[in-house]
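Residues per chain are reported as follows:
Number of protein chains: 2
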Amino acid sequence: MTPTLRGLGEEKLLAGLLPQLSRNSRTLVGAGDDCAVVKCAAVNNWLLLKTDCVVEEIHFAKETPAAAVGWKAMMRALSDFAAMSGIPEFALVTLAIAHKKKVLWVDGLYRGLNRAAAAFNVAIVGGETSDTVGSTVVAVAVAGFAERARCVLRSGGKAKDDLFVTGQLGGSNRGRHLNFMPRIDEARWLTANFKVHAMIDLSDGLGADLPRLAQASKLGFAIEKRALPVTRGCTLQQAISDGEDYELLFAIAPGDRAQLEKRWRKKFPKLALTRIGQLDRTSNFKHQSLPSGYVHFRQRR
Amino acid sequence: MTPTLRGLGEEKLLAGLLPQLSRNSRTLVGAGDDCAVVKCAAVNNWLLLKTDCVVEEIHFAKETPAAAVGWKAMMRALSDFAAMSGIPEFALVTLAIAHKKKVLWVDGLYRGLNRAAAAFNVAIVGGETSDTVGSTVVAVAVAGFAERARCVLRSGGKAKDDLFVTGQLGGSNRGRHLNFMPRIDEARWLTANFKVHAMIDLSDGLGADLPRLAQASKLGFAIEKRALPVTRGCTLQQAISDGEDYELLFAIAPGDRAQLEKRWRKKFPKLALTRIGQLDRTSNFKHQSLPSGYVHFRQRR
Chain A
1 MTPTLRGLGE EKLLAGLLPQ LSRNSRTLVG AGDDCAVVKC AAVNNWLLLK
51 TDCVVEEIHF AKETPAAAVG WKAMMRALSD FAAMSGIPEF ALVTLAIAHK
101 KKVLWVDGLY RGLNRAAAAF NVAIVGGETS DTVGSTVVAV AVAGFAERAR
151 CVLRSGGKAK DDLFVTGQLG GSNRGRHLNF MPRIDEARWL TANFKVHAMI
201 DLSDGLGADL PRLAQASKLG FAIEKRALPV TRGCTLQQAI SDGEDYELLF
251 AIAPGDRAQL EKRWRKKFPK LALTRIGQLD RTSNFKHQSL PSGYVHFRQR
301 R
Chain B
1 MTPTLRGLGE EKLLAGLLPQ LSRNSRTLVG AGDDCAVVKC AAVNNWLLLK
51 TDCVVEEIHF AKETPAAAVG WKAMMRALSD FAAMSGIPEF ALVTLAIAHK
101 KKVLWVDGLY RGLNRAAAAF NVAIVGGETS DTVGSTVVAV AVAGFAERAR
151 CVLRSGGKAK DDLFVTGQLG GSNRGRHLNF MPRIDEARWL TANFKVHAMI
201 DLSDGLGADL PRLAQASKLG FAIEKRALPV TRGCTLQQAI SDGEDYELLF
251 AIAPGDRAQL EKRWRKKFPK LALTRIGQLD RTSNFKHQSL PSGYVHFRQR
301 R
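If you read the protein sequences in the order shown, they are chains A and B.
Reminder that position 221 of the first sequence reads as 221 in this note's numbering, one-by-one numbering, no gaps.
Reminder that position 56 of the second sequence reads as 56 in this note's numbering, one-by-one numbering, no gaps.
Bear in mind the hints are in silico, worked out from the structure with no lab data behind them.
From a predicted model like this one, the values you see are computed outputs, not experimental measurements.
Some clues are possibly wrong.
If we take Cβ atoms under 8 Å as the criterion, some of the chain B residues that face chain A in the derived model are [what the hints assert, rightly or not]: (1) Leu28; (2) Cys40; (3) Asp162.
Ideal Cβ placement from N, Cα and C applies to all residues, glycine included.
All chains, full assembly: derive it from the sequences and hints.
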C-alpha cells in the first residue's frame, strides 16, 4: 500500500517536497514563509507576470505520468515568457488534488515541475496545496523580466512584415504536448540579433493565435498554406488547428529575411524556421479563411 | 435562460471581463498579451510573491454567492502580504470551471475579485481560464513588495518577545471567512512605528499557525489561554482551531508593549489588540498543549 495524501498529511508532504524545489541565486526566502521574498530585477527591466494551468481530463489524462504533467504545467507558462523574449525566474505552484490520491503521484508531479524549472534556472519559490472533491488542477504562476528594449508584444507588427514560425505544426497530441521545450533560447537569440516587431507562442494553434497577433497589431495577414511546416503525417487542417505546438510565431521586417534565415540555420541547425506569409493592411483578420484553433469551453482534449 | 460558459465561448467571456479588471498606474500591459508587463518596484525593495486558491466544496459551498468567492480568493492571498508587512500590487487569476456553469457566476466572481483588489489598489494583470469536469478552482497569485527594513518574516522572533493578536478568534465559518479584511493597513502601521520581530496571518488557526511562527524562530511559546480574544459565542477550542481568522499574530520586544497598546487604541479604536503570551527558549513547541488548527487533507469545511 503506497500512502495517500490524507494518510501522510500536509506537513509531512511539504517536508518531503520543499528541500527538493528548484532554486536560484536570486531567491531570499523560498517556500515556507507567508510570501516568497526575491530580489527585484534591475530598474531598467520590466517585470513580467504569467499564470497558466493544466486540468485533469482537459490537458492531461488520468493515466498520464505525473512527471509529464509537471513538465507540461511549468513549460506552458515558460512558453509565454518565450513569446515576450522574457527570462522567467520565479514560479509559484498551486495544486488542488483529492486527498485520496497517492503521495507518489505528487512526488512525480514535482519531479517534472522541478526538472522543467531547472532547465531554465527558474526557482520554485512557493505554492499552495488544497484538497478537492473534483479533478486535479495544477496552476503555475511565473515572474521574470525582460529588458525594456527586448520585450516583444503581440501588438508591434507592421504592414508587410514577414511572418515566421519555428519548428513543425500539428500532431502535438501524439506526445509532444507533454515534453516540448519552450523556445526561450531561440527568442532571446532573436531579440539579441534582430528587431522582432511582434511575437506570440502557438498554444491554441496557428488558426487561433495568428489572428490574435494580427488583431493586436491592427492588421490583417496573408498565409501561403503550401509553405506551412506541417508535421510529418499530419494534414494541413491539423497543423492549423490542433494547437499545443508551443512554437514561436513572429513578425519581422522583410529586409531582415535573408540575414535571419542564414544566421538561424547556423545557430539552430536542428530547428526549422519557416516564412509562412506576411502581415498586411488590406485583408481583414475577420475574413481570413483559416480554420479555427483550439477554443476553450468548445472543444475537449 | 442565462447563458453558460460553453454557449458564450472564451473570447466573448474575456471581452466582457477584461475591460472591468482592477487597474493601477504601474501596469504597462495588463491581461491580453502573453505575459503581463509591469514596472518593477524600486531597487531597495524586495519583490514578494504569493499564490493561494479556493476550491468549491472545500473553501466555499456551491450556494456561496460568486462575488463572495471572488472576495475570499483575492483576500486570502493579500492576507499573506499583511503577514510580511508587504504591499500587494499585481494579481493573476487562474480559474478552472465547468463549461456548463453560468456566465453570470463568473461575472459575480470577477466582481468580488475586482472589488477586493481595488480595495488595496491591486491591479488584476492577467489570468487563465480552463474548462474542468470537476469542482471549480480559483487560484490567485500576487506580486508586490516590501521595503527591506520593513519585511517581516516568521523567523525573527526572540525569546521573551510578547505575542499579540489582532481582532477576535474563532467562528469565522459563520460568515467572516467570506468577507474579512486583510490586516494590511494595520501591518504597515506596525512596521512604520515599531520593530516587529516576526509575524504570520492566522489562516489555519492559532493552534496551527503559532507553532509555525515559533518553529521558524527556533523557539517555544507560552500562551495564557484566559487572555485569548475569543469571538462572542465561541469556545476556547474554536478560537484556537477553527482557522480562517485572517488576523495577525506577531512578536515584539516586551519593552515596546506599553507604547504599542496605547498607540494602537488611538489608531485602531475598533480593532482589538491582545497580548496572548510570549515566546520563550525553554518550552518546546512540540510539547505545547494547544489543540491543532486546520490541517489540509485531514479536515473538511
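Structure versus earlier hints - violations, ascending order: Number 3 - this is the single hint that the structure violates.
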